[in-house]
Amino acid sequence: MRSADHHRSRGSPDLKLVDGSRVAVIGGGPSGSFFSYFLLDMAERVDLELSVDIFEPRDFSLPAPQGCNNCAGVISESLLQNLATEGINLPTTVVQRGLDSYVMHTDVGSLRIETPLHEKRIAALFRSAGPRGVQNSEWVGFDEYLLSLAKDKGARVIKARVTEVDRSGGRLAVQTRSDPPQIYDLLSVGTGVNSQSIKLFKDQGFDYKPPKTTKTAIHEYFIGADNIEKYLGSSLHVFLLDVPKLDFAMIIPKGNYVTVCLLGSDIDEALFQSFLKLPEVKSCFPHDWVGDQPDCKCFPRINVRGAVQPFADRVVFIGDSGVTRLYKDGIGAAYRAAKAAATTAIFEGISAKDFKKRYWPVCRAMSIDNRFGRFVFSITHVIQRRLLLRQAVLLMAYQEQRSDFSPRMSSVLWDTFTGSAPYKDIFLRTLHPAFISRMIWDLSNSFINDRFVDRDVLQTTSDMKGLRR
Amino acid sequence: MNTGALGKTYHDGEVIFNQGDEGNCMYVIQSGQVEVLQEIDSRTVRLAVRGEGEFFGEMALFESQVRMATVRALGPAKILTIDKKNFLRRIHEDPSMAYHMIKKMSARIRQLSETVTRLENLLMESSN
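Chains as they are written, first to last, in the numbering used here: chain A, 1 to 469; chain B, 1 to 128.
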């Protein structure tokens, strides 16, 4: 294999990685770590010697805010399975709580749905060592764990913020405040949308346009492992409530803390506090609990419409700074995009043309799927606002657990809330004649039966027998 | 720390699947060990012991045949199921995801070949 020096001396280097090529990765979060890990793993398979530098100023072994990447911290069952197949099994020191079910809360009742094998297939974790003020944490943050995997593969972590990126003789000069510019053959940008680093690429002559974002709200509360076991168990709690400006809410039980995550337009502290006072929410906490002082809180932005042209010659944008999945399974999307970018760089090349050929189809597939996602969430939004629809959805899910009906609604709800299946799959399942006819039947029942469902009936545990896709 | 355990808990001796069962998934051991047993001519032979991070039952992902062996927990074990449909969908999108499995399966074939060679030698020696 030709060396990088050989190519440099020719003055017109090929846009390929060769022995000795240098790769810079901006951001040591999941997308940067996954990219570095798989790039070095695949390079090893084809006997290619690369040097990978990850620029990450934060120390993920610290609690928030220093070590945190502002995320709800849920690993979907599909990502868990994919990682396990790749030989990456999340240790119990990283996973705060394994989840085996979800509970859907509405104002007309709650319904718990479990996996068919009663298996913990969703991981709740912290991206950093834990929320602000956590002491003697026995857990390791997810980002630190992934970064350690990349380091074990040979990546070098430079604890500095990149202050400038410039084209230099066809290659890229990456500069930090403390060091002179370093020349790299490939630059992978995995900064996330809440980082200032994304602004480095505004006037660089790239066609890249950053993603569109919306604000979310994440609060963390210490209520202790015993209380979590008693009030929340190993379930993800999701809320379909008719609250203005609130699209979706979720409570994620972790080790000693719970994470409350709200999605919607203009979410602020006042909305958060009124959400916590709702009876459906209060039932998830101890009776004497007052949630006015979270142990940690943030209002991060999330990517809701992917970046334009997330690649150029020698540059690729991955994870949230590129294209990600709408609302759910952002880490799973980072894994897929990072791996596609690494595969392109090793087996195809590092030109814009190469990334367009092999990396872009993965991003485009996510973008197209997000269109279905927007539609799915707009239907969810309508259900939230209509009492009859909320009743019909709950009835349908409840009844299919008690009978031999195929659990169509339960699977749709499961995959929408857990982010385990493509939105297109979820959408197509709702078009099945059996789904539509049963929905109409339950809607009629909800209307005829005095428009109210017996809440006690719905406060039940149901198995998703034969549910899995 | 136990709250972070993933998969399903199996107790010592509990069967994960039986020889002859239909299968549509494979398994990855999150913690503990399992033993792979095959019944031949009314005798049970232990084919292998698999530990943390290893997978088993992978043949069900590629073949439409019944399970060729029984697998049961050797002490307490946590096992994560890998769905056939999720696996095949992802392999279709990203064939390199199978690399780790192919590498492990290759190592197992190498090990089996060594075992067969040893047995052939023993047979030849006993026939001489």
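Hints should not be assumed to be uniformly reliable.
Each computed SDA-like pair below joins lysine to any residue, with the alpha-carbon atoms no more than 20 Å apart [what the hints assert, rightly or not]:
{"no.": "1", "chain 1": "B", "residue 1": "K104", "chain 2": "A", "residue 2": "K277"}
{"no.": "2", "chain 1": "A", "residue 1": "K16", "chain 2": "A", "residue 2": "L428"}
{"no.": "3", "chain 1": "B", "residue 1": "K85", "chain 2": "A", "residue 2": "L428"}
{"no.": "4", "chain 1": "A", "residue 1": "K277", "chain 2": "A", "residue 2": "N227"}
{"no.": "5", "chain 1": "B", "residue 1": "K85", "chain 2": "B", "residue 2": "G75"}
{"no.": "6", "chain 1": "B", "residue 1": "K85", "chain 2": "A", "residue 2": "D19"}
{"no.": "7", "chain 1": "A", "residue 1": "K424", "chain 2": "B", "residue 2": "K103"}
{"no.": "8", "chain 1": "B", "residue 1": "K84", "chain 2": "A", "residue 2": "Y231"}
{"no.": "9", "chain 1": "B", "residue 1": "K103", "chain 2": "A", "residue 2": "G87"}
{"no.": "10", "chain 1": "B", "residue 1": "K85", "chain 2": "A", "residue 2": "R408"}
Hints were generated in silico from the structure; no laboratory data involved.
What's the verdict on K85 (chain B) and G75 (chain B), does the C-alpha distance respect the 20 Å limit or exceed it? violated (30 Å)
Pairwise hint evaluation, L428 (chain A) against K16 (chain A), where the allowed Cα distance is 20 Å at most: Distance of about 41 Å is beyond 20 Å: violated.
Restraint check for K277 (chain A) with N227 (chain A), where alpha carbons must lie at most 20 Å apart: holds (18 Å)
Could you grab the alpha-carbon distance between K85 (chain B) and L428 (chain A) and see if it respects the 20 Å cut-off? This hinted pair holds, its Cα atoms lying about 17 Å apart.
Holds or violated: K85 (chain B) to R408 (chain A), with C-alpha atoms at most 20 Å apart: holds (17 Å)
So if I understand the rule, the pair passes when the alpha-carbon distance is 20 Å or less; does K424 (chain A) with K103 (chain B) pass? violated (33 Å)
Compare the distance between the alpha carbons of K104 (chain B) and K277 (chain A) with 20 Å, and conclude whether the hinted pair is satisfied. This hinted pair is violated, its Cα atoms lying about 53 Å apart.
Has the given pair, K84 (chain B) with Y231 (chain A), been kept, meaning a C-alpha gap of at most 20 Å? Violated, at roughly 34 Å.
Does the alpha-carbon distance linking K103 (chain B) and G87 (chain A) stay inside the 20 Å limit? holds (11 Å)
20 Å Cα cutoff - pair K85 (chain B), D19 (chain A): violated (38 Å)
Figure legend: structure checked against the earlier numbered hints; hints not met, in rising order: 1, 2, 5, 6, 7, 8.
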